[in-house]
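Novice: Sequence:
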Amino acid sequence: MDNLYQEEQLRGIAEECQEFEHVISAMGYGFSMLNVAPERFLRRCPDCVHWLGGSCNIFLHEKAEWGGQ
Numbered sequence: 585m586d587n588l589y590q591e592e593q594l595r596g597i598a599e600e601c602q603e604f605e606h607v608i609s610a611m612g613y614g615f616s617m618l619n620v621a622p623e624r625f626l627r628r629c630p631d632c633v634h635w636l637g638g639s640c641n642i643f644l645h646e647k648a649e650w651g652g653q
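All the letters of the sequence shown, read from the start, carry residue numbers 585 to 653 under the numbering used here.
Be a bit skeptical, because a hint or two may be false.
Said to hold, decoys possible - Quick list of in silico lysine to any residue cross-link-like pairs, SDA-like style, CA-CA up to 20 angstroms:
(1) Lys647 / Ile608
(2) Lys647 / Gln602
(3) Lys647 / Glu591
(4) Lys647 / Gly637
(5) Lys647 / Glu605
(6) Lys647 / Gln590
(7) Lys647 / Arg628
(8) Lys647 / Val633
(9) Lys647 / Leu636
(10) Lys647 / Asn587
(11) Lys647 / Cys601
(12) Lys647 / Ser609
These are calculated hints, taken from the structure and not from any lab test. Being a predicted model, the structure only gives us computed values, none of them experimental.
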């Protein structure tokens, strides 16, 4: 599903999203060097618990503002 959207779009929307919750955080593991290196951590919509295969209402609304791509 990620290939349907531009990486810039997935990151840009996630960076501004007030509801973003990374799946690692939601699983209760927390962030550590063992699972997410700080230099590699990127907020991306597909890594959010609300992503749901691209059916997130916030993503769909924001996607329309990006020109529907």
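Novice: Now, for every hint given, state plainly whether the structure supports it.
Specialist: Hints and how they fare:
1. Lys647 / Ile608: 24 angstroms, violated
2. Lys647 / Gln602: 15 angstroms, holds
3. Lys647 / Glu591: 12 angstroms, holds
4. Lys647 / Gly637: 14 angstroms, holds
5. Lys647 / Glu605: OK: lysine 647 and glutamate 605 at ~18 angstroms, within 20 angstroms.
6. Lys647 / Gln590: Holds: lysine 647 and glutamine 590 sit about 10 angstroms apart, inside 20 angstroms.
7. Lys647 / Arg628: Since the Cα atoms of lysine 647 and arginine 628 sit roughly 13 angstroms apart, the hinted pair holds (cutoff 20 angstroms).
8. Lys647 / Val633: 18 angstroms, holds
9. Lys647 / Leu636: Holds, at roughly 15 angstroms.
10. Lys647 / Asn587: Judged against 20 angstroms, a Cα distance of about 14 angstroms means the pair holds.
11. Lys647 / Cys601: Given that 20 angstroms is the threshold and the Cα spacing comes to 12 angstroms, the pair holds.
12. Lys647 / Ser609: 25 angstroms, violated
This entry does not satisfy hints 1 and 12, going by the numbered hints stated previously.
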